[in-house]
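Participant: Sequence:
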Amino acid sequence: MGILRKIKQHVYGCKNGLIWWISNSFLPYLPSQHLKNWGLRKLGSSITKNVKLYSGFSVRYPKGLVIEDGVSIGPKVLLDARCGLTIHKNAVIAYEAIIWSLNHDYNDLHFCGKGAPVEIGAFAWICSRSIILPGVKIGEGAVVASGAIVTKDVEPWTVVAGIPARIIGKREKKAYQYGYCHNDDFSHFM
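Take the sequence shown: its letters are residues 12 to 201, numbered as in this note's numbering.
Please note: incorrect hints may appear among the correct ones.
What follows is a list of derived Cβ distance ranges for each label pair [said to hold, decoys possible]: (1) D164 with V77: 15 to 21 angstroms; (2) T162 with K17: 38 to 44 angstroms; (3) W49 with K125: 29 to 35 angstroms; (4) A127 with K185: 30 to 36 angstroms; (5) I30 with R140: 23 to 29 angstroms; (6) Y106 with Y187: 18 to 24 angstroms.
Simulated pairs of lysine-lysine, DSS-like, Cα-Cα distance not exceeding 25 angstroms [unchecked claim]: (7) K181 with K125; (8) K100 with K19; (9) K53 with K63; (10) K100 with K26.
Derived by calculation from the structure, the hints in this document are not laboratory data.
The model shown is predicted, which means the values in this text are computed figures rather than measured ones.
Ideal placement from N, C-alpha and C gives every residue a C-beta, glycine not left out.
Turn these sequences into a full structure, and let the hints steer you where they fit.
Facilitator: This is how it looks when you write it as structure tokens:
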């Protein structure tokens, strides 16, 4: 291997390491939503301005990430966009949920990675500590219950739970408008 190739690999590794550090150790803890969104856009993500990113989120390969308007990403959520991750408008991803687009092939002699893009539909709700595996499409308005592991596509307006996730119910199709409740009950802040 030539010296020029070694230098090129070293520079590439340093660049990727810096991007990893910025997107996972620095950006998630900025006090401003605008700065978090701006920073991810500068690292190659496609994010609209009206996206809420809570502290401690983690992004693998920001260039593969697309987040549409009105999305809320909870604390300590892991977003793996190495094979592509699209989150459509007004989806909610709750505390410590994990979305993988790339995993290891346990039958490969070298344990190489294999994956596929993941898509989260508009108005979908990914509850806390659930896991979405590579290649899965979560349909519009679908709900993934807490702790579920989703191994295959979820139909629109269904509720899934369990390991592996299975349909346990249907969700009413309404004109949902996510955001804070506009009433005098502040118990959800306590």
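Participant: For each hint, tell me whether it holds in the structure or not.
Facilitator: Now the hints, each set against the structure:
{"no.": "1", "hint": "D164 with V77: 15 to 21 angstroms", "in the structure": "holds (18 angstroms)"}
{"no.": "2", "hint": "T162 with K17: 38 to 44 angstroms", "in the structure": "holds (41 angstroms)"}
{"no.": "3", "hint": "W49 with K125: 29 to 35 angstroms", "in the structure": "holds (33 angstroms)"}
{"no.": "4", "hint": "A127 with K185: 30 to 36 angstroms", "in the structure": "holds (31 angstroms)"}
{"no.": "5", "hint": "I30 with R140: 23 to 29 angstroms", "in the structure": "holds (27 angstroms)"}
{"no.": "6", "hint": "Y106 with Y187: 18 to 24 angstroms", "in the structure": "holds (20 angstroms)"}
{"no.": "7", "hint": "K181 with K125", "in the structure": "violated (32 angstroms)"}
{"no.": "8", "hint": "K100 with K19", "in the structure": "violated (39 angstroms)"}
{"no.": "9", "hint": "K53 with K63", "in the structure": "holds (17 angstroms)"}
{"no.": "10", "hint": "K100 with K26", "in the structure": "violated (31 angstroms)"}
In summary, the structure is inconsistent with hints 7, 8, 10 from the numbered list given earlier, while agreeing with the others.
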